[in-house]
Amino acid sequence: MGMRKVAIVGAGMTKFMRRAHETGKELSWEAAKIALDSCELTLDDIGCVVMGTAPDAFDNIHMKGDYLGDGAGAWRKPYIRGFVGGGTGVFVADQAWYHVASGLFDTCLVVAEEKMSSAMPHPQGNFITCWDMFTESPLGPSLLWFFAWEMNRYMHAHGITEREIAMVSVKNKKNAMDHPAAQLPAEITVEDVLNSEVMAWPVKRLDVSPTSDGAVALVYAAEHVAKRITDKPVWIEGVGWCLDTFYVGQRDLYYPKYVEYAARQAYDMAGIKEPSKEIDIAEPYDPFDYKELHNAEGLLLCGKGEAPKLLADGVTQRTGRQPWCPSGGALGVGNAIAATGLMKVAELFWQLRGEAGKRQVPGKPKKGVAQAWGDEMQVGTVIVLGI
Amino acid sequence: MPVEKVTQVAQTKPWYGALSSKYGEALLKTPEPGLYGQYTYGIAGERFFREIKDNAKITGTKCQKCNLIYVPPRIYCERCFEGLEEWCEIENKGEIHTYTISWVDLDGFRLEEPVILALVKFDGVYGGLVHKVEEISADNVKIGMKVSAVFKEKREGSILDIKYFKPI
Amino acid sequence: MSEKIKEFPGTPLSEKDIIEKKVLFTEWHPEFMWAWDTGIGYGRYFAELKKGRIIGTRCNKCRRVLLPARYFCEWCFRPVDEWVYLEDTGTVNTFSIAYTDWLARRIKKPRIPALVEIDGSGGVGIMHVLDEVDPKEVKIGMRVKAVWEPEEEREGAITDIKYWKPLKEE
Amino acid sequence: MFPKVAIVGIGYTPFRTITPDVSFREMVFEAASKAYEDAGVHPQEDIDSFVTCQDDFEHGRSIWNMQTPDNLGAVLKPIHTNCGDGILGLIDAYMQIKSGLRSIVAVETHSKASNVINRNHLIAHATDPIYNKPLNINPYFIAGMEMNRYLLETGTTKEQCALVVSKNKTNALFNPLAAYGEKITPKEVLDSEEMFSPLKRLDMSPMADGGIVMVLASEEKAKALTDKPIWIRGLGWCSEAPSLETREWGEAVYAKLAGEMAYRIAGIKHPRKQIDFAEVDDTFSYKEPQHMEALKLCRRGEAGSMIEEGATQRQGEFPINVSGGSLGVGFLVEATGPQRVLEVVLQLRGEAGRRQLPDVQVGLAQSWRGIPYASGAVMILSKE
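Protein chains in written order, with numbering that gives the first Met the number 0: chain P, 0 to 386; chain U, 0 to 167; chain Z, 0 to 169; chain D, 0 to 383.
Everything labelled a hint here was simulated from the structure, so no lab data went into it.
Some hints here could point you the wrong way.
Computed cross-link-like contacts, BS3-like style, restricted to lysine-lysine with a CA-CA straight-line distance of at most 25 Å [stated by the list, open to error]:
#, chain 1, residue 1, chain 2, residue 2
1, U, Lys153, Z, Lys21
2, U, Lys92, U, Lys61
3, U, Lys56, U, Lys162
4, U, Lys12, Z, Lys161
5, U, Lys52, U, Lys151
6, U, Lys141, D, Lys157
7, Z, Lys5, P, Lys173
Residues on chain Z that point at chain U, a partial pick, calculated with CB under 10 Å [as the list claims (entries may be wrong)]:
#, residue
8, Ala34
9, Phe71
10, Val79
11, Glu131
12, Ala156
Remember, it's a predicted structure, so these values are computed and weren't measured experimentally.
Even glycine gets a Cβ: it sits at the ideal position worked out from N, Cα and C.
Work out the full structure: start from the sequences and follow the hints.
In structure tokens, the structure reads:
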């Protein structure tokens with residue numbers, strides 16, 4: 000189609016924390032500043048800003064995109080806040096791509112921020128204002144109901160056990176040991192996960208990622224600018240996003256069709272025919288351990304129900320053939336919703352440049368895919384990066 | 000053939016919901032606790048309000064590059080994005096940059112006595128504080144008028160530690 | 000450049016810092032409310048629940064039943080063609096056993112939220128809860144029946160169905 | 000690379016003070032059905048991507064985005080939400096098409112403002128939680144403060160602002176979509192209750208409900224779909240400082256910068272001469288002259304006299320807010336900007352009925368995000 004080539008040239012992030020002292024604006028600035036410094040650009044060099052931040056209910060500020068503007072570097076600049084629930088983090092990476100690819104801008108700063116600790120008495124409480132106000136919220140559902148249903152359905156459809164799934168949590172928390180910004184790195188065992196407190200069967204405490212505060216930022220540049228800035232640009236090769244119906248009873252939860260549709264858009268654009276072979280690193284969204292497997296199947300990295308086997312065979316370990324969540328993912332680094340999505344894109348950026356330090360995946364990876372999921376089991380957002 | 004639309008007012012019925020301290024009562028029909036926001040002041044806000052609380056002093060941060068002093072203070076300059084670390088004390092003497100006389104309260108009810116609200120800017124400072132102005136009648140307020148902050152005796156570290164601004 | 004970033008910024012606080020007020024913070028208790036228009040589809044859906052019936056709609060083009068009842072078919076993007084009464088029995092599509100409530104607090108008696116596929120709908124589920132059953136006995140595929148509030152206490156809401164209990168089929 | 004982009008379909012519901020007969024979903028369905036019919040497209044078969052614009056709490060929901068796909072027929076399609084005025088949605092669609100990623104994109108915005116019981120609390124929730132919110136005051140004071148400073152800096156008068164109200168509400172009488180058309184004199188405006196002095200009750204636009212959907216297409220698709228495409232010639236958007244303390248109070252900087260960007264893209268050097276009419280934001284009466292100046296439709300300080308001379312009347316030399324604006328149509332929250340674009344499209348297509356302007360070729364639509372923020376967008380459309 001002759002699209003304009005767009006590269007990521009810089010990345011930055013804050014620590015992920017259960018409670019940050021910083022305000023949301025300050026978190027945004029800390030991440031954005033590091034991202035700009037990393038490619039030796041200043042705010043003057045930036046054409047536009049894209050903000051990704053999930054529900055207003057977390058930071059507890061109505062119109063919070065506008066509120067965060069100055070911290071994200073949007074002062075007197077074109078500024079848009081994109082939003083697809085939990086899938087926002089990777090979506091804004093897509094959105095920033097078409098800001099630059101449209102030819103309107105040569106550079107774009109994309110910032111994702113979340114300060115969930117502002118939501119009291121517990122961030123999870125705010126989810127009750129998410130569901131259908133007429134037919135769902137009055138039943139007093141917790142967020143975990145949906146995940147538990149989906150996990151149950153997934154296990155039922157393929158005969159997968161809780162034990163097989165628990166290994167995801169073990170792997171990701173261990174991967175996070177090497178991430179200096181991680182909130183919950185740990186060496187745990189499958190038994191620890193299985194024996195942790197049951198929250199909503201089959202979901203147990205260690206199946207779940209923590210709530211977090213944090214921010215991540217990336218700098219995008221068009222080809223001619225990127226080449227001046229760096230000799231190691233990471234190209235955005237494919238983008239895709241997709242939403243399924245709002246009505247949960249009309250979907251079969253065992254498989255994320257919306258992730259598949261989003262992935263197919265991105266792979267088509269990137270010219271990838273066999274993702275299971277061509278992708279070197281994947282960062283599927285893992286707010287719950289089963290979710291990594293579920294999403295990876297949606298990303299067509301393996302067949303339906305086959306993800307647990309890849310995990311068991313060590314294929315998805317950092318040293319395996321196709322590492323999944325080498326960063327440590329939401330389970331290990333922390334789940335600051337939108338920021339976590341963008342953290343996954345940042346991780347690919349660092350990995351493909353060979354700059355991931357102790358987390359570096361061996362064998363000079365060339366292609367990576369990051370994905371986020373959101374809403375009421377509805378959203379798939381995907382980005383494919385390559386060098 | 001499409002199903003019938005709503006044609007009778009008597010058929011319409013709204014469904015109520017809330018996001019308030021009465022959340023559970025309104026929606027779940029149980030005396031549940033409400034949802035609320037808790038906001039830390041952040042790195043700059045913490046120091047700013049500590050100064051107000053402990054010393055009744057207004058402080059700002061300075062951007063050397065843009066030659067601007069921020070009140071409320073920031074840890075970054077919104078214009079050039081540099082980190083700001085230099086703090087300075089601001090004289091408690093400002094000027095009304097603009098004001099309004101509000102005749103309505105937050106619930107939308109008319110006030111018996113209107114409230115004067117103003118943005119007070121300080122000399123040489125980029126920014127200022129939004130607050131009430133008292134000890135003056137609504138007819139006499141003017142843009143450009145000099146005012147100073149009146150602090151509470153017992154302060155807790157909040158914008159409400161300033162009771163109001165009064166004319167000098 | 001992750002390996003070149005010496006120190007990631009961020010200042011973590013503990014819960015104690017807040018409880019003991021080691022840092023300054025402020026709170027805001029929002030007081031806003033909404034009155035959402037239920038409209039054509041949900042308006043009738045609620046009116047029928049008050050009468051102790053579950054109603055859906057059907058699109059004659061794709062032959063699907065839409066539940067909860069809606070005015071238009073999202074796939075064919077046209078108004079639906081008819082109202083259809085459904086059974087108050089169904090099959091458990093998936094379920095959970097929840098030991099925490101919506102605010103992440105432990106609860107004494109676990110709740111059993113489930114997606115119940117309503118009979119007559121062609122497998123469309125709604126969110127609800129199960130009761131009168133030992134959590135250990137709940138299975139995907141289990142048959143259940145609605146337990147309604149007494150007629151005088153129904154108010155035209157999804158909670159007019161108290162819960163669903165196992166259906167003993169003869 | 001970079002195809003031209005046109006608006007090829009519009010659909011809308013009338014704008015009413017309340018709409019209890021339909022849920023917001025059914026309202027969007029109505030607007031979308033009309034837009035798709037107008038463009039001759041089916042959402043599943045033809046449209047590549049969808050954009051909606053809405054803030055969560057406008058609906059009292061935390062993740063409103065989840066409720067969007069069904070209402071637009073966008074199930075299992077790319078769709079996302081921008082939290083901001085609807086013109087940002089059109090801009091987003093424009094960029095998706097320009098980049099070559101999509102060929103046809105639909106944009107939806109709507110208002111169900113009548114469903115919000117206490118808007119003051121809602122808007123207060125948008126103010127800075129540390130420096131502003133604890134004062135516990137009605138957030139519309141921000142408009143009063145801004146009006147005061149603007150009048151002082153430019154010499155515009157309250158009487159001139161009242162003329163804007165009178166003009167726009169009278170214009171709305173000619174717009175069958177508008178909810179607040181009234182024959183009203185400037186004196187009646189000046190005599191209405193003091194709210195946030197100098198702002199009076201009739202200086203503030205009242206709320207309205209309604210839905211708007213537009214279909215945008217690349218040049219190739221546009222030419223195949225319609226014989227009356229309306230081309231997007233220029234667009235710009237900008238955020239001024241979000242904090243009350245550091246923003247510019249006398250001048251609408253966001254509109255100025257957004258306008259400059261749009262003019263640059265459209266190649267417009269003399270807006271007043273090269274544009275035939277404009278729909279600018281008039282959420283509050285003083286916003287219209289303030290935005291006229293920011294958009295360089297007149298020099299700073301001259302909007303008041305331009306209004307007095309009748310130049311901005313429907314029959315005037317440069318008609319502004321022929322639709323009735325927010326003061327006459329009603330404030331449509333995120334759908335406010337698209338309502339302006341809608342009017343420009345109707346006028347350029349020659350479908351504006353009794354309020355049709357003769358021989359118009361190029362129109363401008365502008366939006367402001369609203370209290371308490373200072374961001375906005377501009378879009379320039381033309382027949383050719």
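For each hint, the structure was consulted:
Distance restraint check for U/Lys153 and Z/Lys21: the Cα-Cα separation of roughly 18 Å lies within the 25 Å cut-off, and the hinted pair is therefore satisfied. Annotation: proposed proximity of U/Lys92 to U/Lys61 holds, straight-line Cα distance about 18 Å (limit 25 Å). Simply put, U/Lys56 and U/Lys162 have alpha-carbon atoms about 14 Å apart, close enough for the 25 Å limit, and the pair holds. In summary, the hint linking U/Lys12 to Z/Lys161 is supported, as the alpha carbons are separated by about 21 Å, within the 25 Å threshold.
The hinted pair formed by U/Lys52 and U/Lys151 meets the criterion: a straight-line CA distance of about 9 Å does not exceed 25 Å. Annotation: proposed proximity of U/Lys141 to D/Lys157 holds, straight-line Cα distance about 16 Å (limit 25 Å). A threshold of 25 Å between alpha carbons decides the hint, and for Z/Lys5 with P/Lys173 the separation of about 21 Å falls inside it, so the pair holds. A cut of 10 Å between beta carbons decides the hint on Z/Ala34: the least distance to chain U is about 4 Å, and the hint holds.
Checking Z/Phe71 against chain U by beta carbon gives a least distance of about 9 Å; that is within 10 Å, so the hint holds. Proximity of Z/Val79 to chain U holds as hinted, the smallest CB-CB distance being about 6 Å (cut-off 10 Å). Evaluation of the Z/Glu131 hint against chain U yields a violated restraint, the C-beta minimum of about 21 Å exceeding 10 Å. The criterion of a C-beta within 10 Å of any C-beta in chain U is met by Z/Ala156, whose closest approach is roughly 8 Å, and the hint holds.
Hint violations for this structure: number 11 only, all remaining hints satisfied.
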